[in-house]
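**Q** Top to bottom, those sequences are chains A and B. Heads up: the first sequence is residues 8 to 374, going by my numbering. Heads up: the second sequence is residues 148 to 789, going by my numbering.
None of these hints come from the bench; they were simulated from the model. Glycine included, every Cβ here is placed at the ideal spot set by N, Cα and C. Keep in mind that a hint or two might mislead.
[Stated by the list, open to error] A partial selection of chain B residues facing chain A, derived with a Cβ cut-off under 7 Å:
hint: 1; residue: LEU352
hint: 2; residue: THR353
hint: 3; residue: PHE379
hint: 4; residue: TYR382
hint: 5; residue: ARG547
hint: 6; residue: ALA548
hint: 7; residue: VAL691
hint: 8; residue: LEU733
hint: 9; residue: ALA776
hint: 10; residue: ASN777
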Amino acid sequence: MFSEQGGPVELKTQVQDRNMCTACGACAGLCPYIYTVREKVAVIYPCGRTAGSCYRVCPRTPTALGELDRRVFGAPRTDHVLGEHSAIYFSRAQDKEINARAQYGGTVTALLAFLLQQGRIDAALLARGNGAAPPEPFVAATREDLLAGAGSKYSACPTLAVLPQAVREGYRRLAVVGRPCQVTALRKMQGLAREGQLPHLPAAGPDIFVIGLFCFWALTPAFYTFLAQKAGSAEIRKVDIPAEGLKLTLAGGQELLFPVDEVRPLIRPACPDCFDPTAELADVSVGSTEYDPAWNTLLVRTPAGKALVEEARAAGVIALKPYPEERLPLLRRAALNKKRRVLSAQKGDGYLHLPDDYRQKLQGGIA
Amino acid sequence: MSITGVKTDRPGQAVLLTGNEAVARGALEAGVGFASSYPGSPTAEVLSILGRLAAEFNLYAEWSINEIVALEGAAAASFAGVRALCVMKPDGLNVAIDFLTTLAMSGTKSGLVIFVGDDPNAHSSIKEEDSRYLAKLAHVPVLEPATVAEAKEMVKVAFELSETLRYPVIVRGVTRICHASGNVVLGALPPREKAPCIPPEERFLTNPGAVPAYHQKQEEKLRRAAELELPFNRYEGPAGAEILVIGCGPAFLYAREAVASLGLTDRVGLLKLGLTWPLPEKLVLNRLRSAKKVIFAEETDPILEESVTSLAARHWSAVGEISFFGKNSAHVAGPFGPGAGELNVDIMVKALTAVAGLPVPEPAVSPPQDPPFAPGVPVIDRELAFCAGCPHRASFWAVRAALELDGRNGFVTGDIGCYTLGLGRTGYYLLRTAHCMGASVGVAAGLSKLARLGFGQPVVAVIGDSTFFHAAVPALIDARYNQARFLCVVLDNGTTAMTGHQPHPGMGINAMGEKAPAVAIEEVVAGLGIPCTIQDPYDIRTTVRVVFDLLQQNQLHVLVLRRECALTAARQTKKPRVYVDQERCLGDACGCVRFCSRVFSCPANIWDAAAGKARIDEAVCTGCGVCAANCPQQAIVVEGRE
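Full structure from sequences and hints, please.
**A** Structure (structure tokens):
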């Protein structure tokens with residue numbers, strides 16, 4: 008099904024036409040022949056190349072996970088369910104303004120604000136939306152921008168599409184907040200950049216701090232039509248999908264709850280093929296707790312991630328508490344089940360190239 | 148273009164005029180008081196000139212909304228005692244034909260001349276229609292000038308003939324009359340004094356109860372026309388020539404030159420016809436009596452050929468055995484075969500050689516290939532393309548992008564204007580139909596109505612602003628009424644760019660240079676009850692999103708992509724400087740495969756082979772900066788944009 012290398016034709020036939028595009032935005036940001044609008048990505052004109060960066064950075068073209076682990080962590084992973092990590096916490100922002108704007112604990116916005124305030128990044132790549140239309144990727148260079156990007160988006164904003172633009176505009180130290188597919192694509196881009204094969208990103212490499220988001224699926228842009236139908240003329244202030252279902256908070260405080268099965272048909276077709284619900288290649292990964300909406304789950308993965316989290320805690324930017332022992336099996340079970348579903352569906356001809364021991368560990372009773 | 152020559156009041160002086168100028172001058176010498184047209188190549192300059200001279204010559208000139216309205220206006224002037232000239236191309240005569248066929252029945256009063264400019268080879272047309280068929284259809288006489296000087300004289304005579312017969316008369320030029328230049332001896336410019344007036348007893352009717360009687364009157368007028376002694380019908384050559392060329396227009400001149408170059412002047416007779424319809428039968432019969440072989444020289448279709456062969460058949464016992472050589476015999480044929488494309492001297496040489504039984508000459512009279520532009524410098528054949536900075540390029544790219552993103556195999560219908568070029572590489576092969584003025588909207592409407600039968604592709608019509616006014620409005624009304632669902636994209640560059648920037652109803656100026664009420668496209672659309680969005684195509688990224696969003700709506704919608712024609716803009720404003728920062732441009736290492744110069748292909752985006760980098764040809768660049776937004780490396784710098 009997949010070729011050794013590919014260009015736009017292969018990207019189109021092997022990924023886009025098969026609805027496997029995750030709308031990460033990586034290819035569109037690099038290439039003048041690929042556009043993204045409203046979370047759709049399309050090759051709009053043949054460039055004539057038979058091999059191109061578009062194919063190589065795509066998270067749904069052949070992806071060697073062992074190699075990516077070595078690149079990010081320097082070694083094969085030791086945790087095959089949640090990916091490499093040094094710690095797992097409940098975390099939350101200590102800033103009241105961030106708490107008010109955040110989806111849950113506000114950890115992502117708090118870490119970004121800390122990085123920006125410390126002068127350690129020039130900007131962050133985020134998604135910004137009003138709930139009425141698919142969010143748009145943007146380059147957030149101020150605290151106000153960061154707050155504008157706060158809050159979960161349940162569709163697939165192609166944030167990476169603005170990465171090359173941000174680099175060209177002179178933002179050399181960046182933070183990227185992304186879904187697992189976007190983190191994978193970003194790591195592929197960094198790998199190519201280090202080998203000098205992605206001349207558009209000379210600085211892409213150690214200067215990108217990567218915050219991954221937990222993501223079990225994203226919804227298609229039809230979600231916004233769905234929301235408009237549900238909310239009628241009322242303005243939607245917040246969208247949340249906790250365990251009990253889809254929850255809309257309207258202007259005026261009224262809350263509407265719908266069974267999650269109503270949005271399941273709107274799941275992007277690419278998402279069931281995703282092997283990575285916790286953004287395993289990020290510096291830190293952040294998600295909900297499925298337990299306490301005032302907190303986030305925080306997975307600390309790389310040394311850079313560890314350093315930042317510790318400094319942020321020391322500076323009073325975030326509060327941490329131990330991940331509840333009794334919750335961990337639930338998280339691990341959910342992640343493992345997804346991985347096993349993907350593995351059993353994939354039959355070896357999929358995009359995912361796993362080292363044999365990774366596969367064996369997952370198929371065995373390691374959870 | 149010498150407007151001075153057109154208005155010079157020195158009878159007897161020879162001035163160099165183009166064919167279009169000569170026609171304008173002929174009309175002025177005939178005392179024209181009303182002139183109307185819709186711009187179309189090759190005749191667009193005639194009304195431009197008369198518009199500029201309107202005040203000085205106390206005449207009225209207008210760019211009409213379309214050709215039928217133009218002809219209706221000209222007819223009105225004729226009814227009121229004002230000599231009127233109506234100018235169009237064959238495509239326009241098609242539009243006007245419904246009125247013309249009835250006007251010929253009602254008849255006219257003051258001279259009414261229709262100048263039609265055919266475009267053999269379609270140098271700047273969608274087809275090479277021979278308008279003489281329509282003249283026959285409408286029962287209207289046709290005069291055809293062979294030279295620029297004759298064009299002026301013929302227009303004057305046409306006014307006289309029209310008045311004599313109380314009948315419209317067509318003067319048919321071709322591109323190589325309209326755009327050629329020649330010496331014209333000026334005649335007198337008469338004063339025009341009488342105020343227009345229609346006496347109480349005068350009516351100009353057709354009458355459904357008496358059509359055959361009207362028709363009978365038309366046939367009678369045509370018979371009278373055929374019998375007129377006209378200076379434009381003449382014979383040159385030996386008496387009793389066995390080989391006879393019958394020709395008209397520039398094609399006659401090609402034949403005459405061919406005869407001379409082959410040394411056949413003593414053997415071949417040349418019958419030039421100025422009145423080609425109705426056929427001056429007596430004159431032609433007279434020459435057929437001695438002829439054994441007849442060759443036809445006319446463009447584009449075999450109209451004379453068919454008239455003459457029919458005449459000969461009717462008089463076979465008098466004319467005896469004659470062989471006819473022309474398009475029907477395939478003797479008079481260019482590289483595209485008989486009846487297709489223009490004629491030239493070589494084609495006539497070939498025909499005459501065969502007919503006269505001469506050895507095939509070599510080399511041909513014209514050199515077999517054009518001499519090189521500069522010795523030793525190869526000149527690359529350039530394809531047709533939008534101008535540098537043309538907003539259409541941005542519009543086409545954006546629509547293409549939106550359709551690819553949409554992913555439902557969208558279908559784009561095209562129309563008539565500069566943007567017809569969008570069917571080719573310069574428009575990224577976007578257009579899938581190209582027919583006549585306004586057809587984009589009607590075809591799009593028709594396709595979208597097939598949704599009821601299961602047609603699932605989104606449909607986009609692409610039409611220009613002038614064409615919108617000319618022909619889109621009834622189709623849009625139909626679309627609304629019959630619930631068509633498509634996106635009508637109006638490429639509004641604020642002018643009739645294709646034919647030379649003539650004013651149109653949206654521009655707030657008229658043919659005489661006066662201020663006029665501007666008709667806003669969005670107001671027309673709103674009046675039809677159709678939602679309308681206006682967007683600047685230079686902002687490509689936003690335009691892509693706007694088009695994409697409109698495609699998702701699956702509703703009838705008009706999107707006006709509004710941006711001044713780059714040629715107008717280049718004349719008026721101080722342009723920003725756009726250049727490639729070659730430090731930034733990665734050249735072939737970029738991976739964009741020379742996107743700007745190879746694909747986006749604005750003529751100002753060029754490849755600097757020495758540097759291996761992109762470059763801007765600043766002599767050509769209009770400073771629009773659209774290419775800068777597309778460069779994946781942001782290596783294109785725009786300086787000094789307001």
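**Q** Would you list, in rising numerical order, the hints stated earlier that this structure does not obey?
**A** 1, 2, 3, 4 and 9
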